[in-house]
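There are 2 protein chains.
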Amino acid sequence: MMKHEKNMKNSKGMVLSEEEREKREKKKELWEKKKYVCQVKLIDIKTGRNIVVLNEKEAEENDIYNGYRVILKHNGREIIAIVDLSSKMVKQGEIGLFGDIAEELNVGDRGLIQVKHMEKPASLEFIKLKLDGESLNEDQISTIIGELMKNRISEAEQSAFVAAVYMKGLGEDETVALTKSIVNSGEKLELGKGPIADKHCIGGVAGNRTTMVVVPIVAAAGIYIPKTSSRAITSASGTADTMEVLADVDFNTNELREIVKKAKGAMVWGGGTNIASADDKLIKIRHPLSLDPRGMLLASILAKKHAVGAKYVAIDIPIGRGAKILDMPKAEMLGNDFIRIGKRLGMSLESLITDGAEPVGNGIGGALECRDVVQVLQGGGPNDLKSKSTLLAGKILELSGKVPEGKGRETAEMMITNGNAWKKMQEIIELQGGNPKIKEDDLPIGPHRHTIVAEKGGRISHIDNKDINNIARAAGCPRDKGAGVYLHRVKGDRVKPGDPLFDIYAESETKLDFAIKAVDVWKPVELEKFLLGTMR
Amino acid sequence: MMKHEKNMKNSKGMVLSEEEREKREKKKELWEKKKYVCQVKLIDIKTGRNIVVLNEKEAEENDIYNGYRVILKHNGREIIAIVDLSSKMVKQGEIGLFGDIAEELNVGDRGLIQVKHMEKPASLEFIKLKLDGESLNEDQISTIIGELMKNRISEAEQSAFVAAVYMKGLGEDETVALTKSIVNSGEKLELGKGPIADKHCIGGVAGNRTTMVVVPIVAAAGIYIPKTSSRAITSASGTADTMEVLADVDFNTNELREIVKKAKGAMVWGGGTNIASADDKLIKIRHPLSLDPRGMLLASILAKKHAVGAKYVAIDIPIGRGAKILDMPKAEMLGNDFIRIGKRLGMSLESLITDGAEPVGNGIGGALECRDVVQVLQGGGPNDLKSKSTLLAGKILELSGKVPEGKGRETAEMMITNGNAWKKMQEIIELQGGNPKIKEDDLPIGPHRHTIVAEKGGRISHIDNKDINNIARAAGCPRDKGAGVYLHRVKGDRVKPGDPLFDIYAESETKLDFAIKAVDVWKPVELEKFLLGTMR
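Chains as they are written, first to last, in the working numbering: chain A, 4 to 539; chain B, 4 to 539.
Hints are computed from structural coordinates only; laboratory data are not their basis.
Computed from a prediction, not measured in an experiment: that's the story for all the values here.
Treat the hints loosely; a few may be bogus.
Identical chains share a label here; the pair holds if one copy fits it or two copies do between them.
[To be verified] Straight-line alpha carbon distances no greater than 30 Å define the calculated DSS-like cross-link-like pairs of lysine-lysine that follow:
| # | residue 1 | residue 2 |
| --- | --- | --- |
| 1 | Lys-499 | Lys-459 |
| 2 | Lys-30 | Lys-499 |
| 3 | Lys-459 | Lys-526 |
| 4 | Lys-520 | Lys-38 |
| 5 | Lys-410 | Lys-29 |
| 6 | Lys-29 | Lys-191 |
| 7 | Lys-333 | Lys-171 |
| 8 | Lys-60 | Lys-469 |
| 9 | Lys-30 | Lys-442 |
| 10 | Lys-60 | Lys-153 |
| 11 | Lys-346 | Lys-287 |
| 12 | Lys-469 | Lys-287 |
| 13 | Lys-60 | Lys-284 |
| 14 | Lys-153 | Lys-94 |
| 15 | Lys-76 | Lys-287 |
| 16 | Lys-264 | Lys-410 |
| 17 | Lys-44 | Lys-526 |
| 18 | Lys-327 | Lys-426 |
| 19 | Lys-171 | Lys-520 |
| 20 | Lys-426 | Lys-91 |
| 21 | Lys-31 | Lys-494 |
| 22 | Lys-410 | Lys-265 |
Assemble the whole structure, with the sequences as input and the hints as a guide.
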C-alpha cells in the first residue's frame, strides 16, 4: 500500500518522493512532446471565459479531455485555456477560438496555432484539500488566486472552491493569506507619507450615501481617503453610481493616485482600477448561489483597504429587519473578525454596528441621493444621513490621532459648519471632471413623478430597504440617474389616510407606470399591526 | 424580525405564508410583462451549454443579470437559458444564440425571438440548503435532478451541489431519493415477467472484462441480464469499447429491449440509451475535481440497475494497491451501503470484495481483451478472468434462486464446459449486428508489436493497473481497437534478466514508439524490493 499512501500524502500537500517527482516530470515531458498544430476557426464572440473548442478525436489522441487545460502558442505568445470537445463543429486539424482568446494570441481566422497538453494546475489539488476539510497555507492560497487570475480554473472548479470555503470556513491565517493574495493580484496605490484612512459599509441599506459626506470631511481634515466604491448589484444605486451624477468615477490606479495626492480624497469606481482585482472575480463566483462565506467577505473588503495603504478604517455594519445582517450576535461576530484580521494587516479598525432597519436619507436613486448629500454638506439635509456620516467621519478622525477620543464627531460637524467639507467636495468634483459649482436645482431628477399615499391611517412600523430598492429599480435605477424614490416619512411617523408616503421619479412615463405597479407587489411601507404573517 | 424569520424559513423548505406566496407570484407576473423581442445573432457552434448572450443594458432594464435565467420563445417553442451579458458583441435589440439553442428553438440567423425574465429555479434554494448542512427530501432532490436535466442549473451551481454532497454526505433517505430521481430522469426498460439480474464493477482494474463472460452465462441460464456499460474515461478500454470489437453497442432503449427479449442478455453502451440519463450529467460535473461522493456513486450505479428492473445484483469491489478502493474497511463500508440501499430498492444484492491489486486477464485493450474473453468462453483463456467471472455469475445464479446456495460457481463453469455460454455469446453478437462466427485469429490486433523485457532478475511484486492503462492509452487505446498491452507474467512470477514481461501492440509505428517511451515513465512492473519510497 506504500505507493498509494505516498500518493495520498502528496495530494495533502506533503513533500513528493524523488521517484514520484521524477515520474510526474517525465510524464509532463512525454505528453508535451505530442503538441500539434491546428487551424483557427474564429468564433466571433467574446465569452470572458478561457475556453477553446477542440476536435474530440484529435484531442483524445493527445490525452486531452473535456475540462483539461491546453497550452496554446502562436508567434511567441502563449496562453492556457480550458478544453471543450466537439466532434462535429470543429473538424480534425481545426480549433474553435472565441474572440477574446484570438485577440490575446493575436491570431485571426484560419491562422495556425500550436496546441499542447498541460498537466492539471496545482490549484485543483489545493481546492480538493479544502473540500476535504484541511486548512490551506499562504502558498496554496496564493497559488489558487494566481491561477484564478490567469483563468486557469474553470467556473465549476471555482464554484467548488467557494462552496468549500462556505462550508468549512476560513481560519484566521487563511483569511489573512487570502487578503494578501487578493492585494497581490492587483495594483497598489502607494501614496507615500501621510495618514491614510478608508471606510466600508456592509451594505443593504437603501440611500445610505455616507461615503459622499465622510470622504470630504476626512480629506478636509488632511487625511488621505482614496475611496473606491462599487456600482449597484441589486440595490437602487451604488456609491459609484451616485457619485457619477456629480463627476466621472472611472479612473485607473495612476489617475486615482494623482487626484488623491492633490485633494487627499477621491470617490471612484473600484472596477476602473486594478486594485485588488481578484476580488471582482471572487464576487462573480459567489454570485450564482449568493454564497458569502465570512472569510471571503472579510478578505474581499480588507484587501481593498490594504491595497490603498489604509491604516485607519471604519466599518459600518447595519443590522435589523431589511438589512443584510439580521441581529446583534452576528454583527458582533463579524465586527470582531474585522478588528482581528485588520490588526494582523496593520490597521487600526473600528467596527460600528448601526441601525439598518430603514433607509437612510430621503432620496433613493442617483440624483435624489445626490440632493441629500449636497444638502448635508451645505449644512442642511436629512438628519439621519448627517448624523450617521459625522459619526463615521468622527471615528476615523479619532483613529488617526488627529482628534482626541470623544471629539471626533464634533470636529466632523464643524467641518460642515465652517464650509470646509463642501469646499473639499467641490475640489474633488472638479478633479474628477465634474462641475464644482453644481447646485441642488441642477441635479437631473426625473421629470415624471407619482405620489404614493397612505391608504389607511396609523403609525409607520417599517420601511423596507429591499422593497424600496426594488421599486427604485423598477423606475429605472441604477441606469437612469433621475429615477428613484423620495421618502416623505420615516419609521414611527403617524399618518392619516391620503397622507403622502413617498414619491416615485422616473425618466419616462412607461417606467413610472411600471414602478407604480411594483408598489402593489412590494408594499414597502407597513403600518403597525399585530399579525405579521402566519406559518403552517 | 418576523418577516426575515419568515424568509429564512421559506428557504429552509417550509410552507410560505399566503402573503409571501402572493408577493412572489405578483413579482413574477410583473417582470414577465416586461418581455422584449430580439433579433438572433447566430453563433455557429454548439456548446452543449444552455447559454445565451444578451445586451447588457437591455437585459438590466428587464431585471436580468449575469447568470440569471430567461425564457426564450419562438413560434410556440419555449426554452429556458442562462444569461451571459455583453456590452459590445451583442448590440441592443440582438441576442447571441449558440447553435444548439437555435436548433432547439428552430430559429435562424436574424430571426426574432421573445425574451422574458424568469424567477430563480427552486433548485438553487435546495442546493443552498444542502450547503447549509440540511438534509433534502425526495421532492427537493427530484426538483434538482429535474432542473438539471432541463439545463436550468449552470455549471457553477451544479458544481456547488456536488461539492455540498461531497462534504456533507447523503443520508440513506437522500441516497434512495437520488436513485429514484435518476431513474425517473430517463427511460425504463420494462421487460415484463421473468427474473432480471445485473452486475457492476467499481472499476480501476485493467483488463477486467468479467461482464463479457458473466452475461452469456447468466443469460444462458434463462435469466434476463440487460447490461449497459460505459466507455473508457481514464482506463484503456471500457466494457462498451471492448464489446464493440465483436458487435455494435450503440442501441436505444427499445432496441435493447428487443435484443434482451430474444437472447435474455445484451451488452450495450449505456450512453446510447436514455436509461438513468441524469447520471451522465452528474458524472460530467463530478469529473473536474474527481469528486466521487459516496452517496452519488451509490445512486448512480443502483439507478442503472433499478431502471432496467434488476432484482438480483452482484457488485464487484476490487481493492488493493492500484485499485480504486485501497483497503478492506473502506470496501466493507461501501459494500454494506450497496446492500442497504439495494434492499430499499427491492434488490437482492451481494457485494463481492475482490483482489484488485493487478490486472485481470492477459490482454489490456479492445481486441486483446476480446481474445481473452473468447478463449474463456470456449473453455481456455487466462485463469484469473475465468475464475473471477464464474464466481460472479455463480453468485447471480444463487441470488436468483435458480441454483441452490453453494452451487452457483459450479453451474457457471458447467455453462462454459457444455458450450452454452459461447453459444449464447454468439447469439448476442449476432443480435447486436456482429459476426457470430468470429474466431480468435479474426480479432484486429495491432500489427506493430514491441516486447518489454526484464532488466533485472527477481520476483514480480506488483503490476500497476494505472500504469498499464496509461501505457495502453499511449499506444492508442481506447480509440484504436488493436492497441494495448499483453502481459506475459503475473504477480509472484520469478523472472531472469531478458525475460519478456509484456508486449505492446499499436496500429502505427509512431504510436508504438510513443508507448515505449511511456514505459520509461510509468514502469508498471515492479520487482520485490524493501524500500518503496522515502518521504521527507
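So, going through the hints one by one against the coordinates:
For the identical chains of this complex, Lys-499 and Lys-459 are intra-copy neighbours only, at 7 Å inside a copy versus 100 Å across copies, given an alpha-carbon limit of 30 Å. Taking the shortest alpha-carbon separations for Lys-30 and Lys-499, only the inter-copy value of 28 Å comes in at or below 30 Å, while the best intra-copy value is 80 Å. Taking the shortest Cα distances, Lys-459 and Lys-526 sit within 30 Å of each other inside one copy (13 Å), while across copies they are farther apart (84 Å). When the C-alpha separation of Lys-520 and Lys-38 is checked against a cutoff of 30 Å, the pair qualifies only between copies, where the shortest distance is 16 Å, while the shortest distance within a copy is 60 Å.
Neither within a single protomer nor between protomers do Lys-410 and Lys-29 lie at most 30 Å apart by alpha-carbon distance, with minima of 68 Å and 51 Å respectively. In the homo-oligomer, the alpha carbons of Lys-29 and Lys-191 never lie at most 30 Å apart, since the shortest distance is 39 Å inside one protomer and 47 Å across protomers. Taking the closest pair of Cα atoms, Lys-333 and Lys-171 come within 30 Å of each other both inside a single copy (18 Å) and across two copies (24 Å). Only between protomers do Lys-60 and Lys-469 lie at most 30 Å apart by alpha-carbon distance; the minimum there is 22 Å, versus 52 Å within a single protomer.
Taking CA atoms no more than 30 Å apart as the test, Lys-30 paired with Lys-442 passes in neither setting, with 69 Å inside one copy and 38 Å between copies. Taking the closest pair of Cα atoms, Lys-60 and Lys-153 come within 30 Å of each other both inside a single copy (27 Å) and across two copies (28 Å). Taking identical chains as interchangeable, the C-alpha atoms of Lys-346 and Lys-287 lie at most 30 Å apart only when both belong to the same chain, with a minimum of 28 Å there against 44 Å between chains. In this assembly of identical chains, Lys-469 and Lys-287 lie within 30 Å of each other by CA distance solely inside one copy; the values are 21 Å within and 38 Å between copies.
In the homo-oligomer, the alpha carbons of Lys-60 and Lys-284 lie at most 30 Å apart only across protomers (21 Å), although the nearest pairing inside one protomer, at 33 Å, exceeds that limit. Proximity of Lys-153 to Lys-94 under the C-alpha cut-off of 30 Å is found in both arrangements, the shortest distances being 28 Å within a copy and 28 Å between copies. With identical chains, the CA atoms of Lys-76 and Lys-287 are at most 30 Å apart both within one copy (29 Å) and between copies (28 Å). Proximity of Lys-264 to Lys-410 under the C-alpha cut-off of 30 Å is restricted to the intra-copy arrangement: shortest distance 27 Å within a copy versus 90 Å between copies.
For the homomeric pair Lys-44 and Lys-526, neither the shortest alpha-carbon distance inside one copy (53 Å) nor that between copies (40 Å) is at most 30 Å. In this assembly of identical chains, the alpha carbons of Lys-327 and Lys-426 never lie at most 30 Å apart, being 34 Å within a copy and 71 Å across copies at closest. Neither within a single protomer nor between protomers do Lys-171 and Lys-520 lie at most 30 Å apart by alpha-carbon distance, with minima of 43 Å and 43 Å respectively. For the homomeric pair Lys-426 and Lys-91, neither the shortest alpha-carbon distance inside one copy (65 Å) nor that between copies (39 Å) is at most 30 Å.
Taking the shortest Cα distances, Lys-31 and Lys-494 sit within 30 Å of each other only across copies (29 Å), while inside one copy they are farther apart (66 Å). Only within a single protomer do Lys-410 and Lys-265 lie at most 30 Å apart by alpha-carbon distance; the minimum there is 27 Å, versus 93 Å between protomers.
The structure fails hints 5, 6, 9, 17, 18, 19 and 20 (numbered hints given earlier, in ascending order).
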